[in-house]
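Undergrad: Produce the entire structure from the sequences given, and follow the hints as far as they go.
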Amino acid sequence: KAGVTQTPRYLIKTRGQQVTLSCSPISGHRSVSWYQQTPGQGLQFLFEYFSETQRNKGNFPGRFSGRQFSNSRSEMNVSTLELGDSALYLCASSSAGGSPLHFGNGTRLTVT
Amino acid sequence: GNSVTQMEGPVTLSEEAFLTINCTYTATGYPSLFWYVQYPGEGLQLLLKATKADDKGSNKGFEATYRKETTSFHLEKGSVQVSDSAVYFCALSGMDTGRRALTFGSGTRLQVQP
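In the order they appear, the protein sequences are chains W and P. Residue 71 in the numbering used here sits at position 71 of the first sequence, and the numbers go up by one each step. One gets the numbering used here by counting positions in the second sequence from 1 and adding 1000 to each.
I should point out that these hints are in silico values taken from the structure, not numbers from a laboratory. Treat the hints with care, since some could be wrong.
[Said to hold, decoys possible] As a list, the in silico BS3-like pairs of lysine-lysine whose alpha-carbon atoms are at most 27 Å apart: (1) P/Lys1077 to P/Lys1060; (2) W/Lys57 to P/Lys1049; (3) W/Lys57 to P/Lys1052; (4) P/Lys1056 to P/Lys1068; (5) W/Lys13 to W/Lys57.
TA: What follows is the structure, encoded as structure tokens:
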């Protein structure tokens, strides 16, 4: 069974630009969550989608948004990039209920 | 709100030494508790979990017991190997924030020397 796939693995963007990251969950998983990992703030929850609906949102500005498609694939968008948005963005999927999260290898975003 | 506190790293041990990584938490109600491991260049892998008080999670020789009275979930392994070198994260999911909105500790880097 294929794991969680995140694309691209690396991205370099300039301040003020926007970026879209993609996540394909494990087949059959309907929940997708996104996390930001930085050396200073550690791992922080961004948002969670289930059946195309956002079910939970972390404490991030409105520049961070996401969506989920009918095939459970998810995208995350960051607009008006800031230097502080440089981070490893991790996607995780799970099936319904209390099953554990399965993480992808992340997309490393560098903002210059 | 929820929070997780882990011991600062790095933790440096010789092969076959005993490992303890301390983790304490603050949460309302009865959270589920997890240990995740991150190898260089990779995402997080679930190592073990416990969903109620006195549960013991175990996997690959690692174990941790959910202690509600001390709000702790310390990770232990009797004999570490070089291949255990990684960053270990303690995490919780609270009933109030949704089961898939994990709160993570800051991570503890483990270095095992041959």
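Undergrad: Each hint: holds or not?
TA: Hint by hint, here is what the structure shows:
1. P/Lys1077 to P/Lys1060: Status holds; Cα separation ~9 Å.
2. W/Lys57 to P/Lys1049: holds (23 Å)
3. W/Lys57 to P/Lys1052: holds (25 Å)
4. P/Lys1056 to P/Lys1068: Distance of about 12 Å is within 27 Å: holds.
5. W/Lys13 to W/Lys57: Since the Cα atoms of W/Lys13 and W/Lys57 sit roughly 25 Å apart, the hinted pair holds (cutoff 27 Å).
Going down the numbered hints, you'll see the structure goes against none, and every one checks out.
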